[in-house]
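Same order as they appear, the protein sequences are chains U and L.
For the first sequence, the working numbering begins at -11 and goes up steadily by one.
For the second sequence, the working numbering begins at 14 and goes up steadily by one.
One or more hints might be untrue.
Unchecked claim - List of simulated lysine-lysine pairs, DSBU-like, C-alpha gap at most 30 Å:
#1 K137(U) <-> K113(L)
#2 K107(L) <-> K89(U)
#3 K72(L) <-> K109(U)
#4 K47(L) <-> K109(U)
#5 K89(U) <-> K115(L)
#6 K39(L) <-> K41(U)
#7 K159(U) <-> K39(L)
#8 K62(L) <-> K17(L)
#9 K37(L) <-> K109(U)
#10 K45(L) <-> K41(U)
#11 K140(U) <-> K107(L)
#12 K89(U) <-> K190(U)
#13 K107(L) <-> K41(U)
#14 K34(U) <-> K39(L)
No lab work stands behind these hints, which were simulated from the structure alone.
Just so you know, these numbers come straight off a predicted model, no measurement behind them.
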Amino acid sequence: MANNSKMSALERVLTVLEGKIPDRVPSFILGGDCDFVYRFMNSPYKLTEEDMKQLDSDRVSYLIPFIHSIIAKFAPPDIFPGGIDAKIDMCWSTTGGGLIKMDFTDRVLNNNGGTFDAVIKEDGIPHLWYTGPGLLEREHIEQYWEKEKDLKPNPAAFRNLSRIRKTMLEKYDVVVSQGITGPFENCVFGIGHANFTHFARKDPGFLQHHIDFQWETFEEPSLKLLMSQNPDVVMCGDDYAYNKGLQIHIDYWRKYIKPKLAEYVKIVHDAGAKFVLHSCGNLGRIFPDFVEIGIDGVESLKPKSNDLIMYREKYPEITLIGTVDDSDMLIHQSPEFIRSFMRKTIPALGKKGGYIPGPTNFLLDHPPENIVSLFKAIQDFGCIY
Amino acid sequence: MCAKFRGIPALIYSGLWRREIFGKLKKDFPGKIKLVVYITDHPPAVAVKIEDGHFEMEKLEEVQEISDIDNIECDGFFAAPQGYLFGGPTAWKKGIEEGKVKMRNETIIFTILLRNLN
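Looking at chain U on its own, in the form it has when it is part of the complex:
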């Protein structure tokens, strides 16, 4: 199929986020975990030694789960000689704070107070993820507040993020949206949902103090460091919902989280960038709030949990990003099915603009041929304007 692209990936993505019509529908991917990397590197699409020589010379990041080296492989051959011509226009990378050690536990905590762990399964494939709150008692939270100095963000991490973004844009025509963890995850990853709702009912001042502490200590300083590097698109991850609704009562979300999220958006907009939110689950009840605080795009949007056609009609201000079911179709269906599905879906959701399709979450046990089929389909059927 002919390559009808006229815009660069950055022009294409910004055009969509500004509510205008691009040359074609852009595509997006969050990244992929070790399971997907294993499958990809054992597939016919794997990075070759020649590919890796080029990627090394361009200093492309191999970090998992952001997998920029694998995303580069999807480029058309005129950009990357070994590319598989299934172009990805936008991806993601984030940076967190450092690690902290508290007296009440021998585990090392993330800067938000959460724990993480690595587990190696019997098949030898690693998994690294957040594993639960580390600040389980009121006293733990108070001790955490005393670690203020250790929680300050490291400017070097943001300079590195900027280098990664420029490399992918200049060498591979891929926009790297960049961000930090949002206020809800920073709070509940540290203290847990049970403590969140307990303090919201019994001691709202204490909860507010904790949220304000995280904002002042590392969220606001991190956002300022991020914006000092002039990114074009900021995407912050903050999972608010389960498949059927919000993880906390909407009144609590509006009281404790929404004001901070609005601050995130303001800092990003004041610096001239677009703000995209990654949030899993059914977000229907708070979509009007997203419009109110000026969010430019929302990413994930699993179709079984969200009424995408309704969002498209009712909230045209917000770009829908993701939307291609990662937990069922992209694992269990065939490449032909996925191609045919995208051929129908792209015009249905994208005909008025405001649409950047891609898998709804990080890739895990997905057959690489399905992912190649998805991005080829977006490239081939995206010229609908």
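The hints should help you fit chain L onto chain U, whose structure is shown.
Just chain L now, kept in the frame of chain U:
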């Protein structure tokens, strides 16, 4: 799910796995090397063998005490409680004085740790 490794050994494994799958391990370690890591409050100890671009990690159930590590034939080792590992050089020095930390050729160990934990 049955885990082969957890905790610090799993973090080391994860980093080595990433280097291996992207074909970087041979460049990092052109020769043959065997290293032992023993987080004394989270046993067992593990041995990491790297050769020709591949690595293997195995549990060393025979290491029961910190002194047992001297009997393992290897190119370098690091043994410490988990809290000391993340405490940096000051904690290690204190740990050595207390007999809770032992290390040999620790530079190689920390080259792996630092390269692979990020």
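Hints and how they fare:
no. : hint                : verdict
1   : K137(U) <-> K113(L) : 28 Å, holds
2   : K107(L) <-> K89(U)  : 17 Å, holds
3   : K72(L) <-> K109(U)  : 14 Å, holds
4   : K47(L) <-> K109(U)  : 22 Å, holds
5   : K89(U) <-> K115(L)  : 21 Å, holds
6   : K39(L) <-> K41(U)   : 14 Å, holds
7   : K159(U) <-> K39(L)  : 27 Å, holds
8   : K62(L) <-> K17(L)   : 16 Å, holds
9   : K37(L) <-> K109(U)  : 22 Å, holds
10  : K45(L) <-> K41(U)   : 24 Å, holds
11  : K140(U) <-> K107(L) : 27 Å, holds
12  : K89(U) <-> K190(U)  : 28 Å, holds
13  : K107(L) <-> K41(U)  : 44 Å, violated
14  : K34(U) <-> K39(L)   : 18 Å, holds
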